[in-house]
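Chemist: The lines below spell out each chain.
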Amino acid sequence: MADQLDDILRRAAHNRIPRRSFLAAAGLLGGSTALAACSSGGGGASAAPSTGGEATFPPAGDVEKQLFMYNWSDYVNPDNMAAFQAEFGVEKFQYDTFANNEELLAKLQAGATGYDIACPTAEYVPAMVEGGYIQKLNWERIPNQKYINAAFKKQGWDPNDEWQLPKDFGTTGILYRSKLVTEPVTSWQEFFDLAKGKYSGKVVLVDSMGDVFVMPLKMLGKSLNSVEKADLDEARKILLDLAPHVLALDSDTYQDKLASEEAVLCLGWTGPILELRANADTADIKYVVPSEGSLYWLDTWVLIANAPNPNAAYAWLNYVHDPEVQAAETNFTGYGTPNDEAKKFIDAEVLADPAIFPPDDVMSGLEGAVDTSGNEQRIDIWQEFKSAIGG
Amino acid sequence: MSALLTTALVFPAGLWYLALLVAPLLIVVVFSFGTRATNGGYEPGLVLNNYERLLQPQRIEPFFTSLWMAIAGTIGCLLVGLPLAYFIATRAGQRKGLFILLLVIPFWTSFLIRTYAWLIVLGRENLGGFIGELVGDPDFRILGTPAAVLLGLVYGYLPLMVFPLYVTLERMDRTLVEASKDLGAARWATFRQVTLPIALPGLITGSILVFIPMMGEYVIPSILGYGRTFLMGNALVDAFIQTRNWPFGSAMAVGLILVMLVTITIYVWFVNRGRHGRDVSVL
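Those protein sequence lines, which keep their order, are chains A and B.
So that you can map any letter, position 320 of the first sequence is 320 in this note's numbering, and since no number is skipped, the others follow by simple counting.
So that you can map any letter, position 276 of the second sequence is 1276 in this note's numbering, and since no number is skipped, the others follow by simple counting.
Since the hints were derived computationally from the structure, they do not count as laboratory data.
Everything numeric in this text was worked out from a predicted model, so none of it was measured.
Careful: at least some of the hints might be erroneous.
Stated by the list, open to error - In silico DMTMM-like pairs for lysine to aspartate or glutamate, Cα to Cα no more than 25 Å straight-line:
hint : chain 1 : residue 1 : chain 2 : residue 2
1    : A       : Lys343    : A       : Glu275
2    : A       : Lys286    : B       : Glu1133
3    : A       : Lys198    : B       : Glu1043
4    : A       : Lys179    : B       : Asp1137
5    : A       : Lys179    : B       : Asp1139
6    : A       : Lys196    : B       : Asp1139
7    : A       : Lys196    : B       : Glu1043
8    : A       : Lys107    : B       : Glu1043
9    : A       : Lys286    : B       : Glu1043
10   : A       : Lys179    : B       : Glu1125
Said to hold, decoys possible - Here are the simulated distance ranges between beta carbons:
hint : chain 1 : residue 1 : chain 2 : residue 2 : range
11   : A       : Pro354    : B       : Phe1111   : 33 to 43 Å
12   : B       : Asn1049   : A       : Ser364    : 39 to 49 Å
13   : B       : Tyr1017   : A       : Ser364    : 53 to 63 Å
All residues carry an ideal CB built from backbone N, CA and C; glycine is no exception.
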């Protein structure tokens, strides 16, 4: 029993599905916040963030001896960090963690300065721009950005590619235990039918509004970002139809429920795949991006306004997209890279994994998420859905 | 001089109270009349729309779920806590300190870790599966049901009930019980007419201490309840984290505070009713 608890805690604290995992990171990691709290007084002559107008970039200087990064847990390859420190003479590389984008926003909103780099999900970038929390990037200082695939450029969250450098991406899809689910699972419709039918009560959904809405909206052939009343009315029916068959809403330990076979179908993320697959008992785990299309998320590097170590920050941003360095990142995190050149150096096994690098036809069916969390109808449906699951 | 000393001594607590309770509460109330900024957060305003939305049927439901879970949890804590406190206070003898220590020890471990531990204890490989075999239902489970949440609540907050009860019972004059028996009262009558009234202040304190945090509980329903028992705490997290609607979340928080105030007022009135009359009749 103690071993089991160890497993759960270790995973909760170190799993590489840090994204949107609220409980795990909030309770167990509690990333160092001292920096944020203490450093607001030390700025000196700090330039105001450039909001609007033509950006004039400060001249490049010597790389500072330190770098402060604010990121998801376990999201940068420690070998790369060490190599970067050695190459650029950065003596102190501080890596603090947040549990979700909201925590990052809240901290910046509360006036946390002292960080150089952070890693929000792309849909949160506009809020950070509007709040004046980040500064425009000087692309001349990040030549390696030329390796970024055009598909990740000029997206809705940053139409002119001014504010963020893509880091890695992943998808929302269906996880299932192929040993126990013998029927084909290739689409949201099949997921829905199986969830309501044979596998009723063995279905887990991640506790994330934006991701759960993907299923009904894609079944209806709509944009997953739709805020049209008619679309959402239809989506509501589908969700309430599904509600009584759901075992759990769980973003933190859903891989445990899949592993224990308590759940066999799951609407979730790619994060736990590698670990489940590595274990002989759960090697039958499968991940599919449904044929109707799904959501892809993109995590991005941003440069914090008034970053105390801008030169070290630029050095890192360019360094991390060096193809070989980037390949080591991908091998470590298990998330897809937008860096085309890096693919030459990625482990063949990782590169061939359709869960990490979906084939082109699947990629073309993916849609980036827009921040729809302000839509009241969605929120009302979400709460109604949650109440319906229990009752 | 003594007035100055009083001021000096009360000042830290007063400042603490003002800065960390009164001020945040005022901010919450002010926020609850605002609107959500385009990208989430708070924008000043003076609208009632957040409160109107609270009254929608799907918004009201978590209030009621929380209320009955918290009441059931408080009763559960009482049923377990009162005999326990009574035992430690009157029967444990020299081992009193040991029992108190045993009650405190779990607090040395993070609440989250203890809740995760229940996940295993109640899981299908352990207690849940065992009971399932007994009743012959392979799909039987404890986790993800209101019962699991209730168990977690009682487990988590029990010490907050036991300590105040223990303190009042420990100070109880045992000769009163003996006198009651001498005067011919049976065990139950003695308990009802002597012990319980003496324990009442501790009982009220303990009940309020466990009831309030239970109303706002978030972790237990998420982990042990599989997110199926949707309480106010969960609704609050959704409002602040998933939808970043601070004004609506604030309105919800104000609603929660009001529900708690009303419930506690009714409760205290109910328990105290007729108490003065009894005191007089004793005299």
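Chemist: Are the hints correct? Go through all of them and say.
Modeler: Going down the list of hints, with the structure as the test:
In summary, the hint linking A:Lys343 to A:Glu275 is supported, as the alpha carbons are separated by about 22 Å, within the 25 Å threshold. Only pairs whose Cα atoms come within 25 Å are accepted, and A:Lys286 paired with B:Glu1133 is rejected, the gap being roughly 30 Å. Simply put, A:Lys198 and B:Glu1043 have alpha-carbon atoms about 48 Å apart, too far for the 25 Å limit, and the pair is violated. Taking the CA atoms of A:Lys179 and B:Asp1137, the gap is near 22 Å; set against the 25 Å cutoff, the hint holds.
Taking the CA atoms of A:Lys179 and B:Asp1139, the gap is about 18 Å. The hint holds against a cut of 25 Å. Restraint check: the Cα-Cα separation between A:Lys196 and B:Asp1139 comes to about 16 Å, which is no more than 25 Å; the hinted pair holds. For the given pair, A:Lys196 sits about 42 Å from B:Glu1043 by alpha-carbon distance, which is inconsistent with the 25 Å threshold. Of the pairs offered as hints, the one joining A:Lys107 and B:Glu1043 holds, with about 18 Å between alpha carbons and a cut-off of 25 Å not exceeded.
With a C-alpha separation of about 45 Å, the suggested pair A:Lys286 and B:Glu1043 falls outside the 25 Å cut-off, and the hint is violated. A C-alpha spacing of about 19 Å is found between A:Lys179 and B:Glu1125, which places the hinted pair at or below 25 Å, so the restraint holds. The hinted range of 33 to 43 Å is satisfied by A:Pro354 and B:Phe1111, whose Cβ atoms lie roughly 40 Å apart. Range check, B:Asn1049 to A:Ser364: about 41 Å between beta-carbon atoms, so the 39 to 49 Å window is met.
Against the hinted window of 53 to 63 Å, the Cβ-Cβ separation of B:Tyr1017 and A:Ser364 comes to about 59 Å, which satisfies the hint.
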